[in-house]
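Chains E, V and L supply the protein sequences, listed in that same order. No gaps in the numbering here: position 22 of the first sequence is 35 in this note's numbering, and each next residue is one more. No gaps in the numbering here: position 83 of the second sequence is 86 in this note's numbering, and each next residue is one more. No gaps in the numbering here: position 90 of the third sequence is 114 in this note's numbering, and each next residue is one more.
Read the hints as simulated data drawn from the structure, not as lab findings. What you were told as hints is all true, and nothing was included just to trick you.
To spell it out: a stretch of chain E is covered by chain V in this simulated footprint if at least three of its residues, at any positions, have a beta carbon under 8 Å from a beta carbon of chain V; those stretches are:
| id | stretch |
| --- | --- |
| 1 | 45-53 |
| 2 | 141-148 |
Straight-line alpha carbon distances no greater than 16 Å define the calculated EDC-like cross-link-like pairs of lysine to aspartate or glutamate that follow:
| id | chain 1 | residue 1 | chain 2 | residue 2 |
| --- | --- | --- | --- | --- |
| 3 | V | Lys36 | V | Glu113 |
| 4 | V | Lys36 | V | Asp112 |
| 5 | V | Lys36 | V | Glu111 |
| 6 | V | Lys36 | V | Glu110 |
| 7 | L | Lys177 | V | Glu104 |
| 8 | V | Lys56 | L | Asp119 |
| 9 | L | Lys177 | E | Glu83 |
Every residue gets a Cβ at the ideal spot worked out from N, C-alpha and C, and that includes glycine.
Each chain, written out:
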Amino acid sequence: MMHRETIPRVVTKLLFPFILLFALYVQFHGELGPGGGFQAGVITAAAIILYGIIFGLGAAHRIAPPRLIEVLVPLGVLIYGSVGVFGLLLGGNYLDYFVLDPDTVHGQERGIFWVEIGVLVTVSSTMIAIYYAFAGRGR
Amino acid sequence: MVDAVAHFSNWVTVILMVIGLYVVLARGNLIKKLVGLSIFQTSVYLLYIGPGKILGGTAPIIAEGFTVYSNPLPHVLILTAIVVGVATLALGLALVVRIHEAYGTIEEDEVLGREGDT
Amino acid sequence: MAIACVRNLFAVVALGGIYSFLMALALLVLDAVDVSMTEASVGAGVSTVLLLGALYLTRIDEAPPLRVSAAPMVVALAAGAALLYGSWDLPPFGDPAGAIHHHVAPRYLNQVIAETGVPNVVTAVLASYRGYDTLGETTVIFTAGIGVLLLLKGRRRRRDGGGAAL
Chain E
14 MMHRETIPRV VTKLLFPFIL LFALYVQFHG ELGPGGGFQA GVITAAAIIL YGIIFGLGAA
74 HRIAPPRLIE VLVPLGVLIY GSVGVFGLLL GGNYLDYFVL DPDTVHGQER GIFWVEIGVL
134 VTVSSTMIAI YYAFAGRGR
Chain V
4 MVDAVAHFSN WVTVILMVIG LYVVLARGNL IKKLVGLSIF QTSVYLLYIG PGKILGGTAP
64 IIAEGFTVYS NPLPHVLILT AIVVGVATLA LGLALVVRIH EAYGTIEEDE VLGREGDT
Chain L
25 MAIACVRNLF AVVALGGIYS FLMALALLVL DAVDVSMTEA SVGAGVSTVL LLGALYLTRI
85 DEAPPLRVSA APMVVALAAG AALLYGSWDL PPFGDPAGAI HHHVAPRYLN QVIAETGVPN
145 VVTAVLASYR GYDTLGETTV IFTAGIGVLL LLKGRRRRRD GGGAAL
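All chains should be built: construct the whole structure from the sequences, respecting the hints.
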């Protein structure tokens with residue numbers, strides 16, 4: 014790991030919050046412009062991976078603990094699946110968003126929102142977990 | 004001449020596909036094989052996205068003043084395929100790392116040779 | 025292509041990253057903005073890092089092949105020729121009369137605002153119309169992640185050690 018390279022360290026510190034902010038923008042603006050859960054998840058993971066490459070795996074473990082990541086991997090799929098179950102409970106079909114709100118268009122937007130959250134959580138935590146597995150193996 | 008231009012995207016797809024297939028078949032190095040598989044995969048992306056384009060169309064985000072949009076369906080399919088592709092690539096790389104630990108090599112020929120010895 | 029010929033695997037990975045960026049540009053030209061964004065971040069970013077990580081754990085140089093055979097080249101060229109022959113019957117590039125544009129795509133494009141209120145059709149189709157597909161794909165990613173963790177998470181141990189430490 015790089016400990017004496019000043020420029021990458023400073024630039025990473027400067028860019029890190031903006032990369033995360035851009036990921037959130039891509040996530041929540043994905044209904045209006047290009048973007049969505051998959052892209053936002055990968056960008057989030059890329060931010061953590063960049064941090065891990067520059068400051069070492071230990072620093073990355075401090076901001077995104079491996080235990081938390083391992084909980085988040087199945088949690089994303091659960092969020093996605095439970096949106097479908099929620100639709101069932103409200104009397105619709107599985108993954109039917111029209112019943113989530115009295116106004117059907119509003120229900121669709123709500124369903125898409127939660128599904129994208131599920132995708133974001135799964136993709137980002139899976140990518141980070143894979144990176145941890147590869148990087149932790151070498152030591 | 005018009006025909007040649009009309010099928011250019013298909014030709015690029017086929018050329019990339021042949022390169023990927025050749026790398027997967029001919030190279031013994033397992034990581035090189037995975038890179039070849041990725042090239043093959045990108046040719047499939049082009050195979051889907053290429054026909055979805057309409058000349059004079061715009062990106063499929065509904066907005067005032069546009070009536071012709073490219074086909075959104077291939078975009079959806081390929082969007083998820085890319086992310087699934089990198090997840091499976093990671094799985095393949097993990098297998099390669101384990102093979103390297105077990106056999107001390109990532110060349111297919113040497114792995115098969117060592118299997119034959121024991 | 026250089027990727028097929030270069031023996032240094034580090035160069036192969038670097039070329040792969042450049043190739044992914046070029047592919048993202050090509051997809052952008054083909055109006056697939058969402059896909060282009062994904063390819064730029066996934067192909068050029070994450071998969072390059074993963075390949076470098078795997079190289080670090082294994083070896084950086086490719087051994088010269090034990091025997092050189094013409095069979096792979098023949099197979100690849102034959103497959104390519106067959107595909108080229110087939111491409112003559114496809115509709116021309118960018119033609120709005122192609123069969124692909126008359127199946128379900130017009131319905132998505134015309135109804136999406138009224139039914140979901142989401143202007144980005146790709147997001148709407150991904151999460152709503154084809155929610156089952158996306159659920160399946162999320163599950164595939166989840167499964168692949170679990171597989172990688174199972175393969176790589178355990179500490180390196182002797183062959184005769186117990187298998188419970190995974």
